Amino acid sequence: MDVSQLTPDEVVYWEWGFFKLNATIVFTWVVMGVMLMVAHLIARRLTASTDVPRGQNVLEVILEYMSDEIEEISGGDRPGRYLPFIGTIFLFIAVANLLTIVPGYVPPTASLSTTAALAGAAFLAVPAYAILRDGLRPYLRNYIEPTPIMLPFNLLADLSRTVALAVRLFGNAMSGAKIAAILIAVIPFLFPVLFKALGLLTGFVQAYIFAVLAMVYIASGMSVTEKPRGRARPHDRSERRID
Amino acid sequence: MIEAQTVVAIASVITAGLTTAIGCVGAAIGEARGLDRALASIAQQPDEAARLTRTAFVGLAFVESSGIYCFVIGLILIFANPFWNQLAGG
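Taken in order, these protein sequences are the chains called A and B.
Residue 243 is where the first sequence ends in this note's numbering, and the numbering goes up by one at each step.
Residue 90 is where the second sequence ends in this note's numbering, and the numbering goes up by one at each step.
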């Protein structure tokens with residue numbers, strides 16, 4: 001992939017009629033393969049004893065962190081309902097962005113198709129979670145609160161925030177890849193390395209932002225019809241909240 | 001005599017550059033002000049750092065949206081200019 005190609009969509013490896021195998025799909029498969037393999041290698045030796053293997057420890061830390069974050073945003077809701085969706089998004093984007101440290105790899109998030117698909121999933125998840133928990137009527141009433149005048153603005157906000165979600169990730173990942181390519185052409189030593197390091201940081205922050213925003217949108221879809229608190233929580237959580 | 005297509009090209013490139021420049025300045029100033037306050041708040045109340053950081057990130061992402069719209073306009077002007085295709089096709 002060179003400087004003139006804007007996204008990995010334009011790098012086509014194989015073509016057969018309507019079907020194109022471009023770099024975006026190939027590198028998405030690479031990311032999926034890496035994640036599946038790591039998860040399989042670690043999950044093969046899961047243990048409940050106190051002598052926890054290193055890999056399991058890492059996964060538990062990540063999972064714990066994501067659950068805590070989701071619980072905070074959703075206002076004490078059980079994180080288990082959202083964890084599969086939010087966690088998948090976060091891990092996929094994080095791995096896809098962090099693998100840019102491998103030479104020759106182009107992050108699939110540098111293609112608008114990937115990020116639009118992820119944002120579309122988040123867009124659909126908002127009504128899905130709200131309707132599953134509260135039912136259709138409370139969710140629809142959300143749109144005409146506090147007055148029906150707000151209806152077009154609420155609809156517009158739903159659309160524009162989805163577009164912003166997709167383009168934010170795309171713009172950051174794409175510009176990171178492009179700046180690295182341009183710098184390699186201009187100053188080919190040491191300087192691109194620094195930008196690559198900065199790209200790793202922004203890539204990870206973007207994964208965090210995407211997941212947190214998706215969770216915030218899901219939570220905001222249900223915030224008006226919040227149920228009373230005080231549901232039974234695991235003991236360790238409530239104890240930690242006191243101190 | 002400059003052709004119509006050339007005029008469109010010149011206008012598109014200059015506008016794309018201006019859009020990116022002005023849009024970046026606006027978003028950068030806004031985000032910097034937000035970050036400034038967030039850091040001051042974290043310094044005042046380190047206990048609430050997690051909540052403040054998350055709120056700051058979400059807020060920054062919202063502020064960034066305006067800059068992103070400028071970025072999209074710039075991309076459309078350069079890579080998917082509707083007027084350019086109209087002139088080239090006609």
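Take the hints with a grain of salt, since some may be wrong.
[Said to hold, decoys possible] Quick list of simulated restraints, FRET-style, between CB atoms:
hint, chain 1, residue 1, chain 2, residue 2, range
1, B, V25, A, V52, 44 to 52 Å
2, A, T50, B, C24, 50 to 58 Å
3, B, A11, A, Q56, 30 to 38 Å
4, B, V7, A, L83, 17 to 25 Å
5, A, G135, B, Q86, 47 to 55 Å
6, A, L83, B, E48, 42 to 50 Å
7, B, V13, A, L200, 14 to 22 Å
[Unchecked claim] Capping the alpha-carbon separation at 25 Å, the derived lysine to any residue pairs in SDA-like fashion look like this:
hint, chain 1, residue 1, chain 2, residue 2
8, A, K178, B, A80
9, A, K178, B, A43
10, A, K196, A, P84
11, A, K20, A, V30
12, A, K196, B, F57
13, A, K178, B, A28
14, A, K20, B, A80
To be clear, the hints were calculated from the coordinates, so they are not data collected in a lab.
Computed from a prediction, not measured in an experiment: that's the story for all the values here.
Don't be surprised by glycine CBs; every beta carbon is placed ideally from N, CA and C.
These are the hints, each one checked on the structure:
no., hint, verdict
1, B/V25 - A/V52: 44 to 52 Å, "holds, 50 Å"
2, A/T50 - B/C24: 50 to 58 Å, "holds, 53 Å"
3, B/A11 - A/Q56: 30 to 38 Å, "violated, 59 Å"
4, B/V7 - A/L83: 17 to 25 Å, "violated, 55 Å"
5, A/G135 - B/Q86: 47 to 55 Å, "holds, 48 Å"
6, A/L83 - B/E48: 42 to 50 Å, "violated, 24 Å"
7, B/V13 - A/L200: 14 to 22 Å, "violated, 32 Å"
8, A/K178 - B/A80, "holds, 18 Å"
9, A/K178 - B/A43, "violated, 36 Å"
10, A/K196 - A/P84, "violated, 30 Å"
11, A/K20 - A/V30, "holds, 17 Å"
12, A/K196 - B/F57, "holds, 22 Å"
13, A/K178 - B/A28, "holds, 21 Å"
14, A/K20 - B/A80, "holds, 21 Å"
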